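S.K.: Counting from 1 along the sequence shown, just add 767 to a position and that's the residue number in the numbering used here.
Source of the hints: derived by calculation from the structure; they are not laboratory data. Since this is a predicted model, take the numbers as computed values, not measurements. C-beta: ideal position from N, C-alpha, C; glycine also. Some hints could be false.
To be verified - In silico PhoX-like links for lysine-lysine, alpha-carbon gap of 25 Å or less:
id: 1; residue 1: Lys-838; residue 2: Lys-856
id: 2; residue 1: Lys-838; residue 2: Lys-798
id: 3; residue 1: Lys-856; residue 2: Lys-874
id: 4; residue 1: Lys-790; residue 2: Lys-834
id: 5; residue 1: Lys-838; residue 2: Lys-874
id: 6; residue 1: Lys-790; residue 2: Lys-856
Stated by the list, open to error - Pair ranges (Cβ atoms, derived):
id: 7; residue 1: Leu-893; residue 2: Gln-830; range: 36 to 42 Å
id: 8; residue 1: Gly-829; residue 2: Asp-774; range: 39 to 45 Å
id: 9; residue 1: Glu-855; residue 2: Arg-794; range: 18 to 24 Å
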Amino acid sequence: MTICVQDVMIREVITIESSQSAKNAARLMAKFGISGLVVLTEGELVGILTERDILTRVVASGQDPEKVNVKEIMTEPIIVVNPMMPLEKAVTIMFQEKIKKLPVVTKVDEALRLVGILSLTDIARLQPKLLEDIRTLMQMNAAALEPEVDFYIR
């Protein structure tokens with residue numbers, strides 16, 4: 768059984784239009800308790816904006832967050848994955864590209880449709896469940912290997 772991206776991803780993706788200000792983006796992140804937003808332009812996926820983008824490209828450079836648009840500081844081009852991709856492959860991409868969030872898309876009539884987002888936090892949240900499943904399988908395997916004994920020799 769392979770775990771796919773769709774088994775772990777968050778389906779309710781918070782997005783922002785690229786014309787919005789960095790201040791509005793920060794407020795949106797604070798409101799929803801998230802560290803990144805998927806950026807759209809007229810409904811089309813164009814980038815991703817993280818807290819780090821705001822910190823390094825606005826705050827650290829002394830710019831006014833009300834005057835900086837999301838499109839000026841977002842990360843692009845964006846790497847996306849398919850919901851059916853094995854989770855292991857998606858994690859490999861995240862580590863290779865040094866990214867913490869992957870938008871999940873499907874192709875509909877030549878257009879990409881956003882269906883979710885995968886983050887390292889989502890993957891870490893899955894870890895205790897995986898360990899419990901492994902422990903259960905090990906116990907089942909050990910029980911199956913124990914021979915059934917009807918007598919003992921002393």
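S.K.: Would you mind marking each hint as holding or not holding in the structure?
M.R.: Here's how the hints hold up against the structure:
Between Lys-838 and Lys-856 the CA atoms are separated by roughly 29 Å; this puts the pair beyond 25 Å, and the hint is violated. Between Lys-838 and Lys-798 the alpha-carbon distance is near 21 Å, which keeps this suggested pair within the 25 Å criterion. About 19 Å separates the Cα atoms of Lys-856 and Lys-874, which keeps this hinted pair within 25 Å; it holds. The suggested pairing of Lys-790 with Lys-834 holds, with an alpha-carbon distance near 8 Å, which does not exceed 25 Å.
A C-alpha spacing of about 24 Å is found between Lys-838 and Lys-874, which places the hinted pair at or below 25 Å, so the restraint holds. With a CA separation close to 35 Å, the supplied pair Lys-790 and Lys-856 exceeds the 25 Å bound. Checked against the given bound of 36 to 42 Å, the beta carbons of Leu-893 and Gln-830, roughly 38 Å apart, stay inside it. Between Gly-829 and Asp-774 the beta carbon distance is about 43 Å. The supplied range of 39 to 45 Å therefore holds.
Distance hint for Glu-855 and Arg-794: a CB-CB separation of about 36 Å, inconsistent with the stated range 18 to 24 Å.
Consistency with the previously given hints fails for numbers 1, 6, 9, ordered from lowest to highest.
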